[in-house]
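Student: The task is simple: from the sequences and hints, build the whole structure.
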Amino acid sequence: MSLLQVRELRTEFQLEDAVARAVDGVSFDVARGETLAVVGESGSGKSVAALSIMRLVPPPGGTTGGEVLLAGRNLLSLREREMRRVRGAEIGMIFQEPMSCLNPLLTVGEQVAETVRLHRGLGRSAAWRHAEEMLARVNIPEPRRRAADYPHHLSGGMRQRVMIAIALACSPPLLIADEPTTALDVTIQAQILELMRALQSELGMGMLFITHDLGVVAQVADRVAVMYAGRVVEQGTVGEVFARPLHPYTRALLRAIPRAGERRDPARLLPAIPGQVPSAAALPPGCAFAPRCALATAQCRAAVPPEEAAGPGRLVRCIRWREA
Amino acid sequence: MSASLVEVRDLEVTFGARRFFGGGGPALRAVAGVSFAVRPGEVLGLVGESGSGKTTIGRAILRLLEPSGGAVRFGGEDITHLPKPALRPYRRRMQMIFQDPYSSLNPRLKVRDIVGEAYEIHRIGTRGDRAERVAEMLDRVGLPRDAMDRYPHEFSGGQRQRIGIARALAVGPELVVADEPVSALDVSVQAQVVNLLLGLQRSLGLTLLFVAHDLGLVQFISDRVVVLYLGRVMEIAPSQTLYERPRHPYTAALLEAVPKPDPAARRRSEPLRGEIPSPFAPPSGCVFRTRCPYAIEACAQVTPSVTPVGPDHVKACIRDDIL
Chain A
5 MSLLQVRELR TEFQLEDAVA RAVDGVSFDV ARGETLAVVG ESGSGKSVAA
55 LSIMRLVPPP GGTTGGEVLL AGRNLLSLRE REMRRVRGAE IGMIFQEPMS
105 CLNPLLTVGE QVAETVRLHR GLGRSAAWRH AEEMLARVNI PEPRRRAADY
155 PHHLSGGMRQ RVMIAIALAC SPPLLIADEP TTALDVTIQA QILELMRALQ
205 SELGMGMLFI THDLGVVAQV ADRVAVMYAG RVVEQGTVGE VFARPLHPYT
255 RALLRAIPRA GERRDPARLL PAIPGQVPSA AALPPGCAFA PRCALATAQC
305 RAAVPPEEAA GPGRLVRCIR WREA
Chain B
890 MSASLVEVRD LEVTFGARRF FGGGGPALRA VAGVSFAVRP GEVLGLVGES
940 GSGKTTIGRA ILRLLEPSGG AVRFGGEDIT HLPKPALRPY RRRMQMIFQD
990 PYSSLNPRLK VRDIVGEAYE IHRIGTRGDR AERVAEMLDR VGLPRDAMDR
1040 YPHEFSGGQR QRIGIARALA VGPELVVADE PVSALDVSVQ AQVVNLLLGL
1090 QRSLGLTLLF VAHDLGLVQF ISDRVVVLYL GRVMEIAPSQ TLYERPRHPY
1140 TAALLEAVPK PDPAARRRSE PLRGEIPSPF APPSGCVFRT RCPYAIEACA
1190 QVTPSVTPVG PDHVKACIRD DIL
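Going down the list, the sequences are from chains A and B.
Under my numbering, the first residue of the first sequence carries the number 5, and numbering increases by one thereafter.
Under my numbering, the first residue of the second sequence carries the number 890, and numbering increases by one thereafter.
Hints are computed from structural coordinates only; laboratory data are not their basis.
All residues carry an ideal CB built from backbone N, CA and C; glycine is no exception.
Careful: at least some of the hints might be erroneous.
[Said to hold, decoys possible] Some chain A residues judged to face chain B by a derived CB distance under 10 Å, without partners named:
(1) S31
(2) S46
(3) L106
(4) L109
(5) V220
(6) Q223
(7) L257
(8) A260
(9) R263
(10) L274
(11) A276
[Unchecked claim] Reference listing, derived: stretches of chain A covered by chain B, where coverage requires no fewer than 3 residues with Cβ under 8 Å from a Cβ of chain B:
(12) 119-132
(13) 159-169
(14) 193-204
Tutor: Dropping the structure here:
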């Protein structure tokens, strides 16, 4: 059994005059020791899916259906009090902006220590020692001195290391990382990705990695789920999806990335995807990508295509994937 | 070599040094002696991480902020210290496209006025033909004519960036400084805007200074690339050369750090260590030496000068025995 099983998850936002279906029947698994990347553009629902798993969807949003099974237990049916124990102890979380998650009035050592006191019931001095160990583990230089620093003393990269230390302080079996390196410079991003990879192989946790960046996916993930307009349109191992993308959206997205050193055609044009992502409050009736898809037919526009198995562990939501 | 459209010589921009009442905080040297030339009709990329000075250089060229040293020449004329009225004709010849299509457009103005404002300021055409000029510009950037009477919030991010491009190009500039023009956009929309910019650049013969942090994108777009670190030039080379044979250790590290969309090309080497030093207290000698895997003692003593290493290719590194 997988560590995390997400089944037919649905999260909606009640707007004044419409309902935005931000997550519209999403299913995926994360095994122990594995990294699943969920990749998509803005409005794809990737972040809302992560928030739904943690039960942190802000109003007017709400999860209206599906199951989130963590080691077999459905998180959606837990009481809020029980859920608070799950967050931190069983699921570690890292977000894009560490500054908005850290308490500016507490030293970083106190914040790591607080997590283990809360979830592990360690005493003050034991918790502090554990905090120093965690800061050393995320490669913060001079961890003893840095433990007494406040978040604003640290650079963006160091703050993200602190967030990782807090997230992993209780050795949770699952880590959810939502765009953890998006706000960082590229050389710092490389360090943080390397650190996350090293910690994962050391601690063996499952990782759900949310990102918009296909480059990052290729570097960190074992498997990938591509989201578009609230649905997973393709899933598979990174090797297969990057080498042989099956959904027209995945293929178009991979082509649209400018790559360093790539021989440019003389006209120097990127293969762009026409149009734009539809609003979650006004999704077309059929395949949400159909309005931008070169292969779309009347059948594509009529009904949402079902998820089809296209090989072991390979899923695609396109009725024409065989022809593509 | 053809004459340059823009020449930047030993440019210095310093922030925070208080000139009155003595004392004050430490000065930040955002740009510390940068020189390069922009050739007419080329796309020149300025690439670097936080604190590299790339945005500041773009703004100093347009005189949106005052250089504290060095010179900027435009079309052969020294414009570094031109007073405002004398600068006006130059403002028409150089325009800017901003990163954030949400905050760079006045939300209270209709598109007609956002794009038309430039005609007013520079007294181009008559009031009567202004609407027609705006409509033509919208057409050029791929927006429908009826966009004229709508407000910025009615458009998506990509469409707003098109409005920003229309505004910049309305007065027929020779030079356009585009500062991270697609960084706020999704990949699928980014490609549309990049194609539009490059198409316009070629059809109008524009000179484009493309400022961005994304090396992959900069290399794709640019004919030549200037690599910056902590306010200094590390390397300047044609795009393809820079990729095939980077000669500065920082360029090599930057290329290595960009996550490639190819799982078969996972990085094997150690990522660059350490943090970008504070621009308030840059290292002595070569500013990159604190993170450089090739640094030797001499790197702390001498500031490397920018020297030629090949055709159209310069670097600022004292080590000739590496890379």
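Student: So which of the earlier hints does this model not fit?
Tutor: 1, 3, 4, 12
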